[in-house]
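Asker: Take a look at the letters that make up each chain.
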Amino acid sequence: NAGVTQTPKFRVLKTGQSMTLLCAQDMNHEYMYWYRQDPGMGLRLIHYSVGEGTTAKGEVPDGYNVSRLKKQNFLLGLESAAPSQTSVYFCASSLRRGAIQETQYFGPGTRLLVL
Amino acid sequence: AQRVTQPEKLLSVFKGAPVELKCNYSYSGSPELFWYVQYSRQRLQLLLRHISRESIKGFTADLNKGETSFHLKKPFAQEEDSAMYYCALLKPGSARQLTFGSGTQLTVLP
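If you read the protein sequences in the order shown, they are chains A and B.
Note that this note's numbering has the first sequence beginning at 2, numbered continuously upward.
Note that this note's numbering has the second sequence beginning at 98, numbered continuously upward.
A hint or two may mislead.
If you want the footprint, here are the derived chain A segments under chain B, 3+ residues with CB under 8 Å [as the list claims (entries may be wrong)]: (1) 8 to 17; (2) 42 to 52.
Here are the simulated distance ranges between beta carbons [what the hints assert, rightly or not]: (3) A/F11 - B/S109: 23 to 33 Å; (4) B/E177 - A/S85: 34 to 44 Å; (5) A/G41 - B/S149: 28 to 38 Å; (6) B/Q175 - A/A57: 38 to 48 Å; (7) A/L70 - B/S109: 39 to 49 Å; (8) A/G64 - B/S123: 22 to 32 Å; (9) A/K72 - B/T102: 15 to 25 Å; (10) A/G4 - B/S149: 15 to 25 Å; (11) A/L23 - B/E164: 40 to 50 Å; (12) B/L206 - A/P40: 40 to 50 Å; (13) A/T21 - B/P172: 42 to 52 Å; (14) B/T165 - A/K72: 35 to 45 Å; (15) A/M42 - B/T165: 16 to 26 Å; (16) B/E151 - A/S81: 23 to 33 Å.
Restricting the straight-line Cα-Cα distance to at most 30 Å, the calculated cross-link-like pairs of lysine-lysine (DSSO-like) are [what the hints assert, rightly or not]: (17) B/K106 - A/K10; (18) A/K58 - B/K106; (19) B/K188 - A/K71; (20) A/K10 - A/K71; (21) B/K188 - A/K72; (22) A/K58 - B/K188.
Calculated directly from the structure, the hints in this document are not laboratory data.
This structure is a prediction, so every number in the text was calculated from the model and none was measured.
Glycine included, each C-beta is placed from N, C-alpha and C at the ideal position.
All chains, full assembly: derive it from the sequences and hints.
Answerer: Here it is in structure tokens:
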């Protein structure tokens, strides 16, 4: 049971390049989330998903797109990277509301540097 | 909109001293609050939640609705408590979104 995994761990991009971050969970969780973590700002929600095939915008969605084609995977895409997207990205997953063990489980993070 | 404030970015205490990490929130309904911790080179993990009224690793947190606070306390800090601590508020609704504070970096000195 690996929990929540993220690929890649670290990436350097040039302005304008695109990339996809992959999040995978093996806990059969319904909900998945993408956050970015910036110094002095805590974690801010980018996008989230309440189930396979569904996604929704969080607090800071601009410049990002997501897809949840399979229940265990949640992809975060940057179509045209900007230096302002330099950050550490965390994925999380959780059971549905009301579950006894409900909490968000986090991945190890992806460090992204946009030059 | 809900908001979580952690006024201290950095907090240092000596081993064995009491520690209190402050968290204030703004929310019009009945809040559901959590403390998450991130140790060096580890992923973010849940420390405790207010509905459980539990003590984890010696830490406790009491929800004070009058002062809209959820401060994290430990009577005797240990060096292994050094970490980044985040207070978080759960947004009601089907998506169970969390709103995080900006975090407090706790350093316990020997």
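Asker: Regarding B/Q175 and A/A57, is the given constraint of 38 to 48 Å on their beta-carbon distance met?
Answerer: At 41 Å between Cβs, range holds.
Asker: Can you tell me whether the CB distance of B/E177 to A/S85 sits inside 34 to 44 Å?
Answerer: Given range 34 to 44 Å: holds, Cβ gap about 36 Å.
Asker: Do the Cβ positions of A/K72 and B/T102 conform to the proposed distance bound of 15 to 25 Å?
Answerer: violated, 35 Å
Asker: Below or equal to 30 Å on CA atoms is what counts here, so check A/K58 against B/K188.
Answerer: holds, 14 Å
Asker: Okay, A/G64 versus B/S123 on CB: inside 22 to 32 Å?
Answerer: Given about 28 Å between the Cβ atoms, the range holds.
Asker: Given the hint that B/K106 pairs with A/K10, test it: the Cα-Cα distance must not exceed 30 Å.
Answerer: Distance of about 26 Å is within 30 Å: holds.
Asker: Closer than 8 Å, Cβ to Cβ, for at least three residues: run that test on the region 8 to 17 of chain A against chain B and report holds or violated.
Answerer: violated (count 0)
Asker: Measure nothing beyond the straight line between the CA atoms of B/K188 and A/K72; if it is 30 Å or shorter, mark the hint as holding.
Answerer: holds, 23 Å
Asker: Are the Cα atoms of A/K10 and A/K71 separated by 30 Å or less?
Answerer: holds, 21 Å
Asker: Quick one: are A/F11 and B/S109 within 23 to 33 Å, going by C-beta?
Answerer: holds, 30 Å
Asker: Honestly, do A/M42 and B/T165 meet the 16 to 26 Å range at C-beta?
Answerer: For B/T165 against A/M42, whose Cβ atoms are near 21 Å apart, the range 16 to 26 Å holds.
Asker: B/L206 and A/P40, beta-carbon distance inside 40 to 50 Å?
Answerer: violated, 23 Å
Checked against the numbered hints given earlier, the structure breaks hints 1, 9, 12 and 16 and satisfies all the rest.
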